[in-house]
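*Asks:* Listed below are the residues making up each chain.
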Amino acid sequence: MTNVEKLQAAEILPTPHKLSTQDELTVNGLNQAEVDALINVKNTLGHAFIKRNTSLIL
Amino acid sequence: MNHSRRLREKIELIAPTMHRAIDAFWTHPRLREIFPEFLFRTYCVGRTTVPLLDTALTAARARCDADPVAASVADYCERHIPEERHHDEGVLDDLGVLGVSRESVAQRIPSPTMAALIGAQYYWILNVHPVALLGYLEVLEGEPPVAEQLEEVIQRSGLPRKAFRAYFQHADVDRKHRDDLHEALDRMPLSREHESILAISAFQTVGLVHQIFEELVAGLPRETALKASAR
Numbered sequence: 001m002t003n004v005e006k007l008q009a010a011e012i013l014p015t016p017h018k019l020s021t022q023d024e025l026t027v028n029g030l031n032q033a034e035v036d037a038l039i040n041v042k043n044t045l046g047h048a049f050i051k052r053n054t055s056l057i058l
Numbered sequence: 001m002n003h004s005r006r007l008r009e010k011i012e013l014i015a016p017t018m019h020r021a022i023d024a025f026w027t028h029p030r031l032r033e034i035f036p037e038f039l040f041r042t043y044c045v046g047r048t049t050v051p052l053l054d055t056a057l058t059a060a061r062a063r064c065d066a067d068p069v070a071a072s073v074a075d076y077c078e079r080h081i082p083e084e085r086h087h088d089e090g091v092l093d094d095l096g097v098l099g100v101s102r103e104s105v106a107q108r109i110p111s112p113t114m115a116a117l118i119g120a121q122y123y124w125i126l127n128v129h130p131v132a133l134l135g136y137l138e139v140l141e142g143e144p145p146v147a148e149q150l151e152e153v154i155q156r157s158g159l160p161r162k163a164f165r166a167y168f169q170h171a172d173v174d175r176k177h178r179d180d181l182h183e184a185l186d187r188m189p190l191s192r193e194h195e196s197i198l199a200i201s202a203f204q205t206v207g208l209v210h211q212i213f214e215e216l217v218a219g220l221p222r223e224t225a226l227k228a229s230a231r
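Read top to bottom, the protein sequences are chains A and B.
If you're matching positions, the first sequence starts at 1 in this note's numbering and goes up one per residue.
If you're matching positions, the second sequence starts at 1 in this note's numbering and goes up one per residue.
Hints are computed from structural coordinates only; laboratory data are not their basis.
One should not assume that every hint holds.
Which residues of chain B face chain A? A few of them, derived with a C-beta cut under 10 Å, are [to be verified]:
no., residue
1, N2
2, H3
3, R6
4, D75
5, R192
6, E195
7, I197
8, I200
9, F203
Ideal Cβ placement from N, Cα and C applies to all residues, glycine included.
Take the sequences, apply the hints, and build the full model.
*Replies:* Right, here's the structure in full:
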């Protein structure tokens, strides 16, 4: 499972996503602890986090 | 790719959300009303910078014989501490311009979000690795205020220019602070684990800074906010 898929499963990234190539490279380069931290921060950021990523597909 | 660039790219994954909350604050039609509260929170962060750097310096020195990254963190903290001293005093002066006394600031209990922002760094420094503090600093000092934007805020809000002295000073010195931080990071022999600690500390900082700005705007009385949005 890629990091992008993990973030999608955690509903941080919408499915389908359309990250920039650079963002996708950065996301898939994160280790598990960093991905867990992003998922944890999402709890603080709430919908705004998802909105930011959603905005990428508009 | 160097360490500072890699850290910045990770921060940029979630920074736009924080930027939106910051923009919503600076462009708020009732900025005049919430600006003193913003300066209070700025003071709450500013007064902890030297103590945090001191804590990181002590923790780094304790490890530095066997840990070259800790040795580099100690060097960085030693150089940076004198540059941060008394910055919080400037914010108190700016609050004074707005009629907020030093006594009232001293008596106020900061919010749990402020405590979480600063307290998290003590946890990372003391229990994980002092390099974590540089992730926090990258978020707070990585994007310095721009003097032209501050001038525009003064024009639009009608707030006295004297209440922005600390921010103008930051616009001036934070560029150097940012460059020094990047240079220090790029010289460090960071492992993948160190990079991860930096990123996690930075992610948490972004989340909490975002929350602080949202709380600032949400702190306006509902009636006032409604009146503002009706204009």
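*Asks:* Which constraints among the numbered hints does this structure fail? Numbers only, ascending.
*Replies:* Result: hints 1, 2, 4 break, sorted rising.
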